[in-house]
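J.: Sequence:
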Amino acid sequence: MNGSDHTSKVYEQYWLHLRHQELQRIHFTSAFALIFGVVLTFTIDGTTSTQKQAILLFLAFLSIVGLMLVQRWNFSYIHYREMANKIQEDWKIQDLNIWNREPEIAKKSIIFKVPASSVYISFYAFCFGLCVGLFMLAIEIPLIYSIILPSFIAILLILFFTKMAFEYRHEIREIIYPKLHEK
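Going by numbering that gives the first Met the number 0, the sequence shown opens with residue 0, and the numbers climb by one from there.
FYI, nobody ran anything at the bench for these hints, they're computed from the structure. Just so we're clear, the structure is a prediction, and the values are computed from it rather than from any experiment. Check before you lean on any hint, since a few could be wrong.
[Said to hold, decoys possible] Only pairs whose alpha carbons sit at most 25 Å apart, straight line, appear in this in silico DSS-like list of lysine-lysine: (1) Lys-91 <-> Lys-8; (2) Lys-162 <-> Lys-85; (3) Lys-8 <-> Lys-85.
[Said to hold, decoys possible] Restraint ranges, calculated between C-beta atoms of paired labels, are given here: (4) Gly-45 <-> Phe-151: 26 to 34 Å; (5) Ser-7 <-> Phe-165: 27 to 35 Å; (6) Trp-90 <-> Ile-43: 50 to 58 Å; (7) Lys-91 <-> Leu-148: 50 to 58 Å.
Backbone N, C-alpha and C fix where the C-beta goes; we use that ideal spot for every residue, glycine too.
Can you make the complete structure from the sequences, with help from the hints?
T.: As structure tokens, this is what we get:
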């Protein structure tokens with residue numbers, strides 16, 4: 000096996016790992032949304048206040064666990080994508096460069112500019128904020144506080160985890176492209 004074949008295999012493996020990370024995020028989030036929705040539906044209808052509080056705390060905890068898992072998968076996704084991009088750049092692989100080929104509509108739309116990692120983070124932060132807000136209502140905290148505080152917490156979670164992902168992406172690029180970051 001020559002160097003080109005080996006690089007081709009490594010490149011292929013990075014793409015397979017990248018796809019695996021994406022599938023993990025999708026499948027876990029689908030299962031989470033199903034469980035979250037079903038449990039929340041049955042909780043709101045026919046439970047006592049104490050049961051409702053316990054279930055909402057459990058769902059809030061599950062949301063935080065989901066947020067941390069998705070963040071870990073986001074980091075792996077970033078790592079494999081950057082490594083595949085590096086191989087693609089070094090070996091001048093043009094045919095497979097999907098990162099720079101955007102449909103004409105995507106270039107004009109902000110929707111396509113939002114990273115999927117931010118969408119996943121926002122979803123779990125929203126679920127956490129919803130659980131906290133409903134919990135606060137269940138323990139009879141005034142409605143205004145039950146809306147403002149969980150919304151603020153969800154926004155802070157989104158900002159914190161998104162910032163972590165951007166910093167990680169920057170660190171990976173410094174490692175992969177050291178000459179660009181030398182002074």
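J.: Next, verify each hint and record whether it holds.
T.: Going through the hints against the structure:
1. Lys-91 <-> Lys-8: holds, 15 Å
2. Lys-162 <-> Lys-85: Status holds; Cα separation ~23 Å.
3. Lys-8 <-> Lys-85: Satisfied, since the Cα-Cα distance of roughly 14 Å is no more than 25 Å.
4. Gly-45 <-> Phe-151: 26 to 34 Å: holds, 31 Å
5. Ser-7 <-> Phe-165: 27 to 35 Å: With Cβ atoms ~31 Å apart, the hint holds.
6. Trp-90 <-> Ile-43: 50 to 58 Å: holds, 55 Å
7. Lys-91 <-> Leu-148: 50 to 58 Å: holds, 53 Å
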